[in-house]
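Under my numbering, think of the first position of the sequence shown as 1, with each following residue one higher.
Just so you know, these hints were derived from the structure itself, not from any lab. Any given hint might turn out to be false.
[Claimed, not checked] Label pairs and their calculated CB-CB ranges: (1) 368 with 460: 47 to 53 Å; (2) 557 with 478: 25 to 31 Å; (3) 15 with 279: 52 to 58 Å; (4) 195 with 255: 46 to 52 Å; (5) 24 with 332: 23 to 29 Å; (6) 266 with 390: 49 to 55 Å.
[Stated by the list, open to error] Think about it this way: if two alpha-carbon atoms lie no more than 30 Å apart in a straight line, the pair counts; the simulated BS3-like pairs of lysine-lysine are: (7) 65 with 80; (8) 65 with 17; (9) 509 with 443; (10) 443 with 368; (11) 426 with 509; (12) 426 with 443; (13) 426 with 368; (14) 80 with 17.
Since the structure is predicted, the reported quantities are computational estimates derived from the model, not experimental observations. Cβ atoms here follow ideal geometry from the backbone N, Cα and C, with glycine treated the same way.
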Amino acid sequence: MTNVLLNATAATTVNLKFADHLADLSIGGGSAATVNLSDNGVNPGVNITVNNGSITLNASSGADKVLLTTDAVVATATGKFNLGTGNDSLKWLGNGVSNGANTVSTNITANGGDGIDTISANLITKNVVMSGNTITRTATISTNTSQFTNFEKLDLAGYIGKATVSSGSTAANHTFDFGILTGNAVSESSTTGITNVVTQAATSTIGSQGFVLSGLAEQVRVINAAGGSSAQLEVTGNATAASNVGITFLANATDHFNVNFTATSNSDVNAGALSLTSSSNVLGGNVALGTVNIGSGGTGNFDNILSLTGTNAQVQNINVTGDHVLNLTVGSGYSNVHNIDASANTGGLDLNANVGGTGDGIITQLLKILPLSGATVPVVNTLLGLLGLNTGYHMNVEGTSANDSFNVLGNTLVTGGSGENLYQLKSSTVNSGVTISDFNSAKDTIFDATSGLTISDNTAGTAIADYGTRTTDVVDALLGTLVGGITGGVVALLGQILGIGGNGSLTNKVGLASVVWSGQSDTASSYLIIDNNDNHNLDASDTVVYLSGQNHQQLVDTLHYA
């Protein structure tokens, strides 16, 4: 027996313990029947649709998925749901009308039992009663969490609730105050006094192991989120690109946030947009949300998709692990990201980074590694200061061992990894360029958005021009003469280093110039240059890409553009 449609018309016990292979159960009717499922550890879990809110359900010992429908009438339900062992879930799509709060009966109860169990945020209510006067105002917060026990995770999918506030409500639609679970809730009221007191509800272990996103979450906001084990989101289903979740943390709550994709699917799993708002202060220990860890896993052949949106200047590191491809978009609001590291992922990375570094660019990186003489070093340091090149940082991006795609801005250093990689340059100029540290001309491709040109080993295109090489000895001597600075700024400096600073030096649309280590002709720092305005002169509008650790002649012989 795998599928059962049960119509409970009498308050009797329905024993389905023998049905070890039951997969789908739908319960209707209107009577307070007791339904018992297999609890001997054989059944892996049952999908249970509940259309009758009066039943007592003793679920299986597997990972059961229980859905309360509108027919269950949760507002007046008296049901008892005992989910037993296994990693179970209890979902409800809510009943809030016209962006109002959800109404949940005080007589409905649920126990997740053993395992890591998940409950819909729609089932958790927040009520605020404002009392007092303009001198002293008290907000008394209550919730129904005592009706639901042993649920470690909170599902944000489909959440439509909000707080009910007796006066001066500022409660926003689709907003869940995580503080009701930890004793850190806010009044969400504009009714205030000179002194304001918040009387908190009893704490709960609900959500102690974080959030779940099992499907679409429409503009869902979490406020007063905590740290520890609750600072994580598990993506168990396709929320689609329309999903949008924003989590605002208590000050000093956590130094990291984890996103784990664990869905079983045959099509891509999109977590939609996720914004993380965090803050820190000295009194709280200055705990900053500096790291986002993304585990791109799951069961099946599909890609995972995530967009980090909103504004967060605390996040500096994004780490990607797992065995599935991750399509990751990093929004421009993540303005302080220093590192995106996917080296521990084996599936592949498709990165769209709308952020880059603030300096330490393609000229500075070369000058830092040149074997300069003692006399030249102070000249170069002065020159870097005059040109403003000795400040800021570049963003490091490290790819996977699979085939990756990097869509990046200037002041970004990309280490692609051993796959066949595509480097898509949103912009890369002399002043703010992209560095590729391990470019392989035999298999990697560069696409420049400014010119629309693709550079690869495809011989159907036009061969790039050879603008020649200069040895490190020659460059050292040249730099030593620039005691008084240089006219023409950063562009002129690169032109002099590469010997392409004169009028008409760029004889082709795309060309390559390199600095070759003296005595090591096969070791070069190369600059790929696209003459975007076709004026044959190196200038600030040209695309310049720094390819470090290369063989100049091999690049010239291999690369073509189209």
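Structure-based check of each hint:
Judged by the Cβ atoms, the range 47 to 53 Å given for residue 368 and residue 460 is violated: they are separated by roughly 38 Å. Distance hint check: the CB atoms of residue 557 and residue 478 are about 27 Å apart, consistent with the given range 25 to 31 Å. About 54 Å separates the C-beta atoms of residue 15 and residue 279, a value consistent with the hinted range of 52 to 58 Å. Taken as a hint, the range 46 to 52 Å is violated for the pair residue 195 and residue 255, whose Cβ atoms sit roughly 34 Å apart.
The hinted window of 23 to 29 Å between residue 24 and residue 332 is violated, with their beta carbons roughly 45 Å apart. In this structure the supplied range 49 to 55 Å holds for residue 266 paired with residue 390, their Cβ-Cβ distance being about 52 Å. Of the pairs offered as hints, the one joining residue 65 and residue 80 holds, with about 15 Å between alpha carbons and a cut-off of 30 Å not exceeded. Between residue 65 and residue 17 the CA atoms are separated by roughly 17 Å; this keeps the pair inside 30 Å, and the hint holds.
Taking the CA atoms of residue 509 and residue 443, the gap is about 22 Å. The hint holds against a cut of 30 Å. The straight-line distance between the Cα atoms of residue 443 and residue 368 is roughly 29 Å, inside the 30 Å bound, and the hint therefore holds. Pair hint residue 426 plus residue 509 holds up; C-alpha atoms about 18 Å apart against a cutoff of 30 Å. Note on residue 426 and residue 443: the hinted pairing holds, with a Cα-Cα distance of about 21 Å set against a maximum of 30 Å.
Proposed proximity of residue 426 and residue 368 is supported: the alpha carbons are some 25 Å apart, at most 30 Å. Under the criterion of a C-alpha separation no larger than 30 Å, the hint pairing residue 80 with residue 17 is consistent with the structure, at around 18 Å.
Going through the hint list in order, the structure does not satisfy hints 1, 4, 5.
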